[in-house]
Amino acid sequence: MISAQVVHKTYIDGETQVHALRGIDLNIGEAEFLAIAGPSGSGKSTLLNIIGCIDTPDSGEVQIDGELVTGRKTRDLVEIRRAKIGFVFQNFNLIPVLTAYENVAMSLALLGLREAEIRERSMTMLAEVGLQGMEDRRPSRLSGGQQQRVAVARALVKEPLIVLADEPTANLDSETGEDVLKLMLELNSRLGTTFVFSTHDQMVMEYARRLCLLHDGLIVSDEHRSA
Amino acid sequence: MKLWNIALRNIFRNGRRSVLSVLAVAVAAMSITLLFALVEGIKEDVRHNAWNYESGEVRLRNSQFDRYEYLNPVHYVLPNYEAVLQELESMPEVAALSPRINVNAAAFRGERRILARGIAVDLERERSYQDLDALVVSGRLPESGRAEALLGSRLARELGVEVGDSATFLTQTRVRGSNAFTVDVVGLASFPVALLDRAAFIMPLDVAAGYLRMGDAVSEILIKADGRSGDALAERLNAELAPRHDSEQYLGGQLQASSWTELSAGYRFLRIADVVYSVIALFFFLLAGTVIINTTMMTVHERTQEIGTLGSMGMRGRELVRLFFTEAAYLGFAGSLFGVLLGVAVAVPLGRVGIDFGAAMEMVEMDISTVLYPVLNFRSTVWVFLYSFVVAVLASFPPAVRAARLRPVDALRG
Ligand SMILES: Nc1ncnc2c1ncn2[C@@H]1O[C@H](COP(=O)(O)OP(=O)(O)O)[C@@H](O)[C@H]1O
Ligand SMILES: [Mg+2]
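Those protein sequences? They're chains V and Z, same order as listed. Just so we're aligned: 50 in our numbering is position 50 of the first sequence, and the numbers increase by one with no gaps anywhere. Just so we're aligned: 75 in our numbering is position 75 of the second sequence, and the numbers increase by one with no gaps anywhere.
Just chain V, same shape as in the assembly (with noise of 0.2 angstroms):
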């Protein structure tokens, strides 16, 4: 469904390169729990932004849903993000001035869906992850957590075909980083949707149902584990 291929990615930073990625082969299914484990600095947020669109690769390919994205224009890669890929922050990321439902509600309106649809299927979402009656609540007025599972609706909401997830327990306290990771767990099975997450937290990564282990831009290990 989602195949990188030989992905290379290094970075100038003034006089020093670094070698981000050093040929990352990895193919991702349908409904996998994936998590990209590794120490900082081993590349994990290089591999997520390019399999998610918003990075390119220096060479090597990527292909999402049969097709080649490496080398396509910018507004065509703006398209793929829009109906096929959901993000999750380590920092939430919600936009401060709308509400928990117009932060969900958002992902449907920029693909042009009508507003009873846009309604019907935030309200459900939100539902889903467990914000029944918070709807109208800016971020400001929500705990880390809460703001996290808008964040997973809002990524979810779009039925996209993978939803990425860099560090998303990070900034939450271990309890509710728990609470999320059994949330995405829960929909992923539930929905059948592909997460992929970065982690490098070991009692994050217990939850992985597939762990790629990253270091210094290599997949050292890849390991799937039953449920």
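Hint data in this document are derived by calculation from the structure and do not stem from the laboratory. Fair warning: there could be bad hints in the mix.
[Said to hold, decoys possible] As a list, the in silico SDA-like pairs of lysine to any residue whose alpha-carbon atoms are at most 25 angstroms apart:
hint: 1; chain 1: Z; residue 1: LYS2; chain 2: V; residue 2: LEU98
hint: 2; chain 1: Z; residue 1: LYS2; chain 2: V; residue 2: MET123
hint: 3; chain 1: Z; residue 1: LYS2; chain 2: Z; residue 2: PHE12
hint: 4; chain 1: V; residue 1: LYS73; chain 2: Z; residue 2: ASP226
hint: 5; chain 1: V; residue 1: LYS84; chain 2: Z; residue 2: ARG407
hint: 6; chain 1: Z; residue 1: LYS224; chain 2: Z; residue 2: PHE269
hint: 7; chain 1: V; residue 1: LYS73; chain 2: Z; residue 2: GLY317
hint: 8; chain 1: Z; residue 1: LYS2; chain 2: V; residue 2: ARG137
Starting from the structure of chain V, add chain Z with the ligands where the hints point.
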């Protein structure tokens, strides 16, 4: 989630900055509204003064006079003027007429020679040409057939005379002889233009005709046109009226009509001033524009992460541009409206009371009054509003486009 709604909320995120931006636009819009009102006031004033005291809207003279004007050729006159007046009166585009004799006079006070300029008018007829009564500050207007004069108050002071005194002037007759005449000062006038106030006096036409041996002639006839432009009227008069008045009586010249647009220095000055004021306006708006540019740049900078988030969610570049555009439009609209309303609120009372430029205008050798009344012109006020609004919106364009060009991955890093 409508864009205009998001933009509106964003405006209130940093209220103080939004208020400052609105104020910057408002100050520009207000200043320009006032400036234009003042310019409009000056225009009306220059026109009023030129039409009443200088050139009329259209002036009829002996063409030879204009040719040798620097010699003050008093013998080049409009003979048989009653006949010309009759012809003019039958023309529908002529609104008002004022036959005049210009009395270039000098008075002596001790050793000092004081130059004066008599405007001899047909006092009955003049009422339909201008509001003479409005000029009188003390005493009354002179009456036809009497050796009386209404003196500019500064001239009276220079001469050391008051109402009830008499004044003696030396002048040239039509045949270039000298003559002295004495008039009773029956009233003092306040001419709007400083230059006139210290030189002009008004006296009856028939009396001046006698002193100057004018016979059936006047120096000039001033005309106000009805509706249509003075230029067109002057052209028609030159084509139709002038040939009917033979050149023997005109001593080789002929009847010649000139429009004030070619005669008045004030009019030409205003044409140039119009350009200057528009440039000043442009600078004001550019200044206000830079404030909006700055505001938008700061906004973009503060919301870089948000821009990255929206970009990663698949918001298109032009949608982002539209968002920042809409925000600038709100600020620009509020600022322009507020500024123009403020300008109107200041200009309207000033238009009633007037602004006294007294001392400053004394030295100006132009037909501009010492007290000016700003005049609000609906069209230019609307124009100021639209212009400042458009400039404010356009100013947000460069930073908005830059925001839209940010790669989400870079923007997300902040
Ligand atoms: N924009 C960038 N410019 C320069 N170096 C970068 C940039 N982004 C990431 N890097 C470097 O690339 C390496 C991988 O970074 P990253 O993908 O963020 O790793 P992780 O998410 O696993 O911590 C790090 O050494 C990091 O310093
Ligand atoms: Mg990272």
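State the violated hints by number, sorted upward, taking the hints as numbered earlier in the document. 4
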